[in-house]
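Student: So the chains spell out like this:
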Amino acid sequence: MSQNIYLPNLAQIIEIKEETSDIKTFKLKFKDQAIEESFDYKPGQFVEFSVFGEGEAPFCISNSPTRKSGLECSVKRMGKVSQALHELNIGDTVGIRGPYGNGFPIDDLKNKHLLFVAGGIGLAPLRSLINYCLDKRGDFKEITIVNGARSSKDLVFKSEYEAWRGAKNTQLHLTVDCNEENWTCMVGVVPKILEQLKPTCQGSVAIVCGPPIMIKFTLPVLLKLGFCPEAIITTLEMKMKCGLGKCGRCNIGNLYICKDGPVFSYSQLKNINYDL
Amino acid sequence: MGKGCMLKITTKEDLTKILISLLNDFEIIGPKELSHKGIFYESITDLKDLHWGEGFTTEPVKKFFLSPSEYLFKGRYENGQEALEELPLPGNKRIIIGVRPCEAIGLSLLDKVFNAGEDQDKFYLNNRARTILVGLSCLKPDKNCFCTSVGGSPESSRGLDALISPVGNEFIIEIITERAKGIFESLGRNLNQEEVKLWGSDKKRREGSLNFRIKVSENLDNIFESEYWEKVSKSCISCGVCTFLCPTCHCFDLVDEKRKKLRCYDGCAFCDFTLEASGTNPRAARKERYRQRVFHKFDYFKKNFQENLCVGCGRCIRFCPVKMNIAEVVDKAPLV
Amino acid sequence: MVDELKAKVRELLKNKQVELVIGYQRAADGVSVIPCFVENEKDAELLIWDAYCVYNLSGYLKDYPGKKIGIVAKDCDLRSIVVLLQENQLKRENLFIIEMECHGVIDEKRLKYDTQNQEINFAQKCKGCPSAKLSIADCVIKDKGEKRKTPDDYDEYEPIRKMEAKAISERLKFWQEEFSRCIRCYACRQVCPMCYCPKCVAEQTQPAWFSKGTNLEGNLSWNVTRAMHLAGRCIDCGECERACPVGIPLRDINKKIQKDVQELFSYQAGLSAEAKPLFACFDKKDPDDFIK
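Sequences listed follow chains A, B and C, in order.
Just so we're aligned, residue 266 is where the first sequence starts under my numbering, counting upward by one.
Just so we're aligned, residue -11 is where the second sequence starts under my numbering, counting upward by one.
Just so we're aligned, residue 25 is where the third sequence starts under my numbering, counting upward by one.
Rather than coming from a laboratory, the hints here were simulated on the basis of the structure.
Values in this document were obtained by computation on a predicted structure and should not be read as measured data.
A few of these clues could be false.
Calculated cross-link-like contacts (lysine to any residue; reagent style SDA-like; alpha-carbon spacing at most 25 Å) [stated by the list, open to error]: (1) B:K219 with C:G54; (2) B:K246 with C:L240; (3) B:K248 with C:Q228; (4) B:K110 with A:A299; (5) C:K197 with B:I27; (6) B:K62 with A:G518; (7) C:K280 with C:A304; (8) B:K320 with A:G518; (9) C:K280 with C:K300; (10) B:K222 with C:C219; (11) B:K169 with B:K185; (12) B:K222 with C:L70; (13) B:K20 with C:L240; (14) A:K294 with B:E73; (15) B:K219 with C:Y220; (16) B:K128 with C:A51; (17) A:K296 with A:S286; (18) B:K131 with C:A52; (19) C:K133 with B:C224; (20) B:K20 with C:S204; (21) B:K62 with B:N114; (22) C:K197 with B:K131; (23) B:K219 with C:R50; (24) A:K333 with A:W429.
Covered by chain B, per the in silico footprint, the following chain C stretches (three or more residues, Cβ under 8 Å) [as the list claims (entries may be wrong)]: (25) 54 to 67; (26) 202 to 216; (27) 231 to 239; (28) 257 to 269.
The beta carbon of each residue, even a glycine, is placed where N, CA and C say it ideally should be.
Chain A with its partners taken away, still in its complex shape:
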């Protein structure tokens, strides 16, 4: 008989990093060596993460497939599963199903200038793509990263910033919502910062990920800057259960975020009726 599509693979937590007071990055290793070696994915894909006895929730894979030192998921403490996950320790067993989703359209990004726009935990799926692009630097043109958070304490992946700043033809702009003591970078919400930076739209693709309100105000700014809808890419999220397009929960219009997404272009979203 065919395999059980709902059965997760067992994985062990090998590292836990505290990014902020409520966000942790978990590094995992599959218990089955064969799966550990063969597990491959595209930036932008996600896994259904099981905390046994508590539940299962979708989290995007936050490290690049070009850096295979273990599967990383960056999780904000929010509901039942993430709260239980935050209580786990190194050595604990979790379950992983996946990878699911369509991932970022890498081929459409080649030879383009890339503008990454991230807010809060939204940097997690983008980090996977950013590091992928940096590892294949020649395939892409200028890279600009705009990363914002409520405060400096809420910025994630701080350990990456130095490498990003130092990478060839790559700029990193950090911003916080309100001014703070000893803060030397920009101040203001991400859409306002974009208006100030005026990134070029010629030959560029914008990849946006963040809380719904950030996306809502960032899209008009990008359009005003001249980005056409095909050149604006975002990754969406909704409550998910099966991750396979069967439980009927995560649809926007006739598309399922788990199967047809989570990555969508704005031109796709414009043509769909949805409630988000």
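Start from chain A and add chains B and C according to the hints.
Tutor: Okay, now just chains B and C, sitting in the frame of chain A:
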């Protein structure tokens, strides 16, 4: 009648005799009337309990394929480590008899979700493989039936292994698949040419007898933002009756319970269906949830699979505590 | 009666005494009755009133907080409005209650299956209706027809006493069989005016109180919990039983608790909007023989 189909005519007694003999190898499931409560599919051990008359089961045959509640795997501790264990799939063979044509079409639609593409659901698949479906054509569709408006018919054999039509005191059996042939081939006698003609014209007459006809709007896409949805959804009480009793609804929930993974029915009508951990709820308003139901059935599924996710059985109308009528809603949907 | 009702509703809307009136109308099939939401004088024409106006519309009142709403109510519906007022879920000044003098509503399920009884079958709950006890309505539309008389020796708890007389094992077997059909659609909860918890106990995940599956444990837990949460609050409108698609006799469970509440505390729900809800207060005379 399709190529390779056989048409037989038999008496109720002979049919009952065959079913009794089949009890040795199959579980026989059929409609049984529960006084004052409705007609339900039950395991039949005494063939006298089988309800051959008019009327519809409350729950559709879907529950025998996509279970209302089943465990998908379990976990246990082994040497201080978590281990996962598959649960044995039920293996007993079944014959479900008395299936209305609309319910069988419903299963063909669910096949597109569970049985197609790369990720096949082995629980659903196993149930499909071990079950023979014997249909019963509808002599008296009721006032809420509208199968002919959504591509179905009270005489449809789609998705069935065999279809029984009561004719006076006898039954005509249309044998459709090989496995039904193995069971019913020796029953009664073949129909002669005259009888086949009569059977054909009777079918046509019955198909035309449905009074409740609607036209499913092809235009729903354009009226997503219309005030119409607020108007038509006002009385919906957001329960799960329409979803759970629908032969084509397939939304489910996955829950960890006592180290077992439970799959149970869920529905887009419930307030918390799309509630996220952050507290955001894309469909917090009743009109958004009702609109989702209508669109999933008559727009989204059609975009993906070229058919409506509705077989016109009328259960949602019949059993809705406030008689919401999805057929009227799509029929009267405005153009702009 | 219906002409008087329509005129009243038109008057209320014209004078802007209410923004909306909730009543009953005929469905498109010409037979069934569905709820009617009247927002303008023209739509008042849609209103109907007959023995098929079964629904308890008071459950819709909580959907319009702060708005001035008119509602068409039968005696049982009035009792649920009283409980909602007792529990501060509604503001009296925002309601205009139009009481229709009701002589009983028809149970459609009995009509469908009780083919031997050719008489029109009124709902069980109507047989012992303690009508005309409440004077809470703003306006009463009287029925000039003959009122059905409840026999003096009518015992509303007779089916309950019959069940109580059975051995526990027999009772358990009965309820296990009934609850085996429960599909956890929560229609009983959604249709009940008294079930207004923003997050029902059945929907909690941290912790999850009982199984979501349709196993016996989950079904018993759900139904018994709901019945207990309705203790001292259920006014026997019978909507839960009517809404249940699989025919579970839910009224009997709530009726049993209603009987216990009457015997233990001499309390009946839904009679006085000023009275404190039963379990929101205590009395020194409350029974305490459970304290050993």
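Student: It remains to establish, for every hint, whether it holds in the given structure.
Tutor: We went through each hint and held it up to the structure:
A hinted pair counts as satisfied when its Cα atoms are at most 25 Å apart, and K219 of chain B with G54 of chain C qualifies at roughly 19 Å. Proposed proximity of K246 of chain B and L240 of chain C is supported: the alpha carbons are some 15 Å apart, at most 25 Å. For the suggested pair K248 of chain B and Q228 of chain C, the alpha carbons sit about 18 Å apart, so the restraint of at most 25 Å is met. With a C-alpha separation of about 23 Å, the suggested pairing of K110 of chain B with A299 of chain A holds against the 25 Å cut-off.
Of the supplied pair hints, the one linking K197 of chain C and I27 of chain B holds, its CA atoms being roughly 21 Å apart against a limit of 25 Å. For the hint pairing K62 of chain B with G518 of chain A, the CA-to-CA distance comes to about 34 Å; that exceeds 25 Å, so the pair is violated. Proximity of K280 of chain C to A304 of chain C is assessed by CA-CA distance (about 21 Å); at most 25 Å being required, the pair is judged to hold. Note on K320 of chain B and G518 of chain A: the hinted pairing holds, with a Cα-Cα distance of about 21 Å set against a maximum of 25 Å.
Distance restraint check for K280 of chain C and K300 of chain C: the Cα-Cα separation of roughly 22 Å lies within the 25 Å cut-off, and the hinted pair is therefore satisfied. Taking the CA atoms of K222 of chain B and C219 of chain C, the gap is near 18 Å; set against the 25 Å cutoff, the hint holds. The suggested pairing of K169 of chain B with K185 of chain B holds, with an alpha-carbon distance near 22 Å, which does not exceed 25 Å. For a cut-off of 25 Å, the pair hint linking K222 of chain B to L70 of chain C stands: about 15 Å separates their Cα positions.
Between K20 of chain B and L240 of chain C, the direct Cα distance comes to roughly 21 Å. Compliance with the 25 Å bound is thereby established for this hinted pair. Among the hinted pairs, K294 of chain A with E73 of chain B is consistent with the structure: their alpha-carbon atoms are about 20 Å apart, no more than 25 Å. Restraint check for K219 of chain B and Y220 of chain C: the C-alpha separation of about 23 Å stays at or below 25 Å, so the hint holds. For a cut-off of 25 Å, the pair hint linking K128 of chain B to A51 of chain C stands: about 22 Å separates their Cα positions.
Among the hinted pairs, K296 of chain A with S286 of chain A is inconsistent with the structure: their alpha-carbon atoms are about 29 Å apart, more than 25 Å. Between K131 of chain B and A52 of chain C, the direct Cα distance comes to roughly 11 Å. Compliance with the 25 Å bound is thereby established for this hinted pair. For the proposed pair K133 of chain C and C224 of chain B, the alpha carbon gap of about 21 Å is at most 25 Å, so the pair holds. At most 25 Å may separate the alpha-carbon atoms for a hinted pair to count; K20 of chain B and S204 of chain C meet this at roughly 15 Å.
Our distance criterion of 25 Å between C-alpha atoms is met by K62 of chain B and N114 of chain B, whose separation comes to about 19 Å. Of the supplied pair hints, the one linking K197 of chain C and K131 of chain B is violated, its CA atoms being roughly 37 Å apart against a limit of 25 Å. Taken as a hint, the K219 of chain B and R50 of chain C pair is honoured in the structure, with Cα atoms around 16 Å apart against an allowance of 25 Å. This hinted pair checks out: K333 of chain A and W429 of chain A have alpha carbons roughly 19 Å apart, not beyond 25 Å.
Taking a C-beta to C-beta cut-off of 8 Å, the region 54 to 67 of chain C contributes 6 residues in contact with chain B, enough for the three needed, and the coverage statement holds. For a cut-off of 8 Å, the count of residues in the region 202 to 216 of chain C with a CB near a CB of chain B stands at 9, and the three-residue condition holds. Evaluation of the coverage hint for the region 231 to 239 of chain C: fulfilled, as 6 residues show C-beta separations to chain B shorter than 8 Å, against a requirement of three. Against chain B, the region 257 to 269 of chain C contributes 4 residues with a C-beta closer than 8 Å to a partner C-beta. That satisfies the three-residue criterion, and the hint holds.
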